[in-house]
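Make one complex out of these two single chains by using the hints.
Chain by chain, the residues:
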Amino acid sequence: MANLTLRPSIESLELAPDQLQALRDSYGKMQALRGDDNRSWVHQAGLHGFPQWMCWHHGRIGQGDPLPYNLFLPWHRAYLLYWENFMKDQNGQAVLPWWDWTSDTSHNIGVPASFSQPQADGQPSPLFSGPVPALLSDPPRQTTRFPGSPDQLPTPDQVENLLALTSFVDFTAQLEDIHDFIHGWTGGMDPNNPDQGGDMGNVGTAAYDPIFWSHHCMIDRIWYLWQLRQGVNNIPDDYTDKALAPFGQVVNDVLDINRLGYEYVASQQVLTTAGPA
Amino acid sequence: MTAVKKRTASAAKKSAKQSKVAAPAYRVAEKYSSTSLSLEGIRKGFTRADLRFDGVDHSQTTYEARVFLNNTNASDKTPTTLDQGFAGSFHIFGHGGCLGDVGHCEVRGPRRPFDPRPEHPLTPVSKIVVATDAIRRALDKGTTVTVTVIPIVLSGTKLCDYEKVLKFEKVSVIAYQ
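Chains A and B are the protein sequences, given in the same order. Under this note's numbering, the residues of the first sequence are numbered 74 to 350, in order. Under this note's numbering, the residues of the second sequence are numbered 495 to 671, in order.
Okay, chain B solo, but in the shape it has when bound (with noise of 0.2 Å):
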């Protein structure tokens, strides 16, 4: 978990409503809570705030990532609403496990300064959740916020890992003012 960053951004003034996908009964994976974060480096006047995740892998199943904040106990039950905590959710389009022989899948970094390719596909990438109104929620009720992501599988192979399904390096929370 990264400190609380903050920066301006006029390119960014416009708020994108989250996709709110019902859950469907599919696999939940194993759920993840963050220490508690601090909010005191935001100043409420923000016109947009998101939920950035990087470093997040996609080489397995493809899942919907349903964040919810100060609510440790959100499952995939938990009705996606605001006074739930409900901050949005982000979706990873898996690579399905690896399909290639020994090393094929095998991340190797930084990229050499003499390779012509881009970086391998499966690099691990970032997510925003645009989360605006939870996260002025979160700043009404309190100076910190805990951050909860229930990992749904929507599809995948019988190369995935079905229970290990989000890893991710850091969530950061950035205020647009």
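The shape of chain A in the complex, shown without the other chains (with noise of 0.2 Å):
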């Protein structure tokens, strides 16, 4: 076990002072670093949408293929597990925490606490908001967001429903379908601006706000739920040996999550006491 990672939810984190400052201290660092270092926030984020376009979303037919597939959530899997590795190294404490946007917590407050105030022990908080390089003619600048209503977020019964689909084309399209909804609630419209909205409402952004990686951590885990019902290897065969660029796997690779090196926690309670001297 000393090897595996327990990823926790944002809510057993804030209760964690230890790991919360470990994941700050992370983001922190990866946010500080120049946008051409390949370790950074900018560079990382800028796999998904600006400037790269690698991520998957939808069904999408390939040299050969008679059919689409849809490699949305082996595609995102793996880009975590690639985004957790830069994130332990810059802090090896630090692990991703999922936002159960279902939890009573969200249904009255919305996004978390921890990644909705500004300022963290005096500082700019690097949950809050995330570095966005220059895009056409507007210049650097931080993440935004204006999220909706916390009633309108999906429900533990809406969750449920999914767990119980037996086809992984069916789970995988209506599970996108509630991601597509949080990209679309906590990005929301200014206000002040009816043009403009917040960065996790659009596919060219989103990764930069550090509410992004705690979402996808969501989707993840629940398809890790869906698979210790359904199974691990419930996915469509001409599925397995699709690429997953530019992580260097097949889909195939990133079936089982333990073979990844991490594991969901529902709780977490860690007593320690020394050893001998």
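For the record, the hints were derived by calculation from the structure and aren't laboratory data. There may be inaccurate statements among the hints.
[As the list claims (entries may be wrong)] Over 10 Å on every C-beta distance to chain A, these chain B residues come out as not near it, computed from the model:
| hint | residue |
| --- | --- |
| 1 | LYS525 |
| 2 | LEU531 |
| 3 | GLU534 |
| 4 | GLY539 |
| 5 | SER569 |
| 6 | SER649 |
| 7 | LYS652 |
| 8 | SER666 |
[To be verified] Computed beta-carbon distance windows for the label pairs:
| hint | chain 1 | residue 1 | chain 2 | residue 2 | range |
| --- | --- | --- | --- | --- | --- |
| 9 | B | PRO607 | A | ASP329 | 30 to 36 Å |
| 10 | B | SER532 | A | GLY304 | 37 to 43 Å |
| 11 | B | ASP655 | A | PRO212 | 22 to 28 Å |
| 12 | A | GLY304 | B | GLN671 | 24 to 30 Å |
| 13 | A | ALA316 | B | LYS635 | 48 to 54 Å |
[Said to hold, decoys possible] To spell it out: a stretch of chain B is covered by chain A in this simulated footprint if at least three of its residues, at any positions, have a beta carbon under 8 Å from a beta carbon of chain A; those stretches are:
| hint | segment |
| --- | --- |
| 14 | 577 to 589 |
| 15 | 616 to 627 |
No residue lacks a Cβ here, since even glycine has one placed at the ideal position from N, Cα and C.
See below:
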């Protein structure tokens, strides 16, 4: 178990000051790196949308394929793992937390407190916003959000209904639809500028927002929960050898999260005592 | 609009609830109403029925597409209830307009046979609304259905078109026996 990463919920992370501080430290260091450093926030977030556009959403047809296939879930699983390694490279104690947008807390306050407070310890919080590079004629800036009303967020029943689906193709399409809604809900529209929304609300800039990673961690966790019920290898055969660029993996490599070295925990209590001197 | 289709699929027996998202104070774009579509090919014993939208554009805003059956007067203010013909919603996570140079977001199809890359990321997509109860209700009341879609913009950028948000090629009714 020593090398198994336990991904917690944000709510449990907020009860563990050391872990929360490790996440802030990691994100802060990634954000401070120059954008042309390939360990940086700007470089890694840029894989998803602008400027590299490597993300997978919806079904597409590849070379020699008769039917569309949808790598939305496996591609983002590989991306999260790649990202989490860069996080740990900055702070070895940092882990990627999932945002449970179905929880009572989320239905009460919306975006978790640790991600919606502009300051932490008297400094700008790296969980509140992230750097965005220059886009067209716009200069570099920080991400923004204008989230909707918390009572609009998906319910546990909606997730439970997804987990009962038996077909991967059906499951991924319906989970992706909820994913699409959360992006729009979180980005929202600027009440002072009716032509501009927050960064989570479009593919181009979503990954620059720190909450993106915890939203996708929730999506990955739901896929994992579905796999526990419907089978780890429950995916069409013709998906398994599809490449997940640029991560050097194929779909089959990312089906079993334990082989990838991580696990999701519902809750975590850590009791530590000193060993012999 | 395509002809009504039906097919069996044991894997699709379980019907998932659609996301019932209340209307926020966001921008409402131009709505769509189909011509009348015959349901005569659908037998009433289906276990699940979907509305499938094909060729949906996702290059612009992020939006909720709220779908009503046999209610061409529906608007963003219409309650999302079965008695109003509400069938469910689908959501599009939009690209937010073009951030590239000339031709960057131009989808040229069909894909070239020796191009090793997958299709262009902006290739139009298919979206499903599981609408079993709404289609049963429509069948109880008659043999035709009109599909009305209200696009409600959740987020976008200054590069987006906020009027013609909803663009798709066709909508189909698919019943699973």
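We went through each hint and held it up to the structure:
The claim that LYS525(B) is not at the interface with chain A holds, since no C-beta of that chain comes within 10 Å of its own (minimum 18 Å). Consistency note on LEU531(B): stated as away from chain A, and its beta-carbon is indeed over 10 Å from all of that chain's, at 22 Å minimum. Every Cβ of chain A is farther than 10 Å from the Cβ of GLU534(B); the closest lies at roughly 27 Å, confirming the non-interface assignment. Listed as outside the interface, GLY539(B) is consistent with that label: its C-beta sits roughly 20 Å from the nearest C-beta of chain A, beyond the 10 Å cut-off.
The beta carbon of SER569(B) sits about 18 Å from the closest Cβ of chain A, which is more than 10 Å, so the claim that it is off the interface holds. Distance to chain A contradicts SER649(B) as a non-interface residue, since its nearest Cβ pair spans about 2 Å, not more than 10 Å. Residue placement check: LYS652(B) does not keep its beta carbon more than 10 Å from all beta carbons of chain A (closest about 5 Å). Listed as a non-interface residue, SER666(B) keeps its Cβ farther than 10 Å from every Cβ of chain A; the least gap is roughly 15 Å.
Between PRO607(B) and ASP329(A), the C-beta spacing of about 34 Å keeps the proposed range 30 to 36 Å intact. For SER532(B) paired with GLY304(A), a C-beta distance near 39 Å keeps the hint of 37 to 43 Å intact. A hinted range of 22 to 28 Å for the beta carbons of ASP655(B) and PRO212(A) is consistent with their spacing of about 25 Å. Against the hinted window of 24 to 30 Å, the Cβ-Cβ separation of GLY304(A) and GLN671(B) comes to about 25 Å, which satisfies the hint.
For ALA316(A) paired with LYS635(B), a C-beta distance near 50 Å keeps the hint of 48 to 54 Å intact. Interface restraint, the segment 577 to 589 of chain B with chain A: holds (6 residues with C-beta to C-beta distance below 8 Å; minimum three). Here the segment 616 to 627 of chain B counts 6 residues with a CB under 8 Å from a CB of chain A, which clears the bar of 3, and the coverage holds.
In summary, the structure is inconsistent with hints 6, 7 from the numbered list given earlier, while agreeing with the others.
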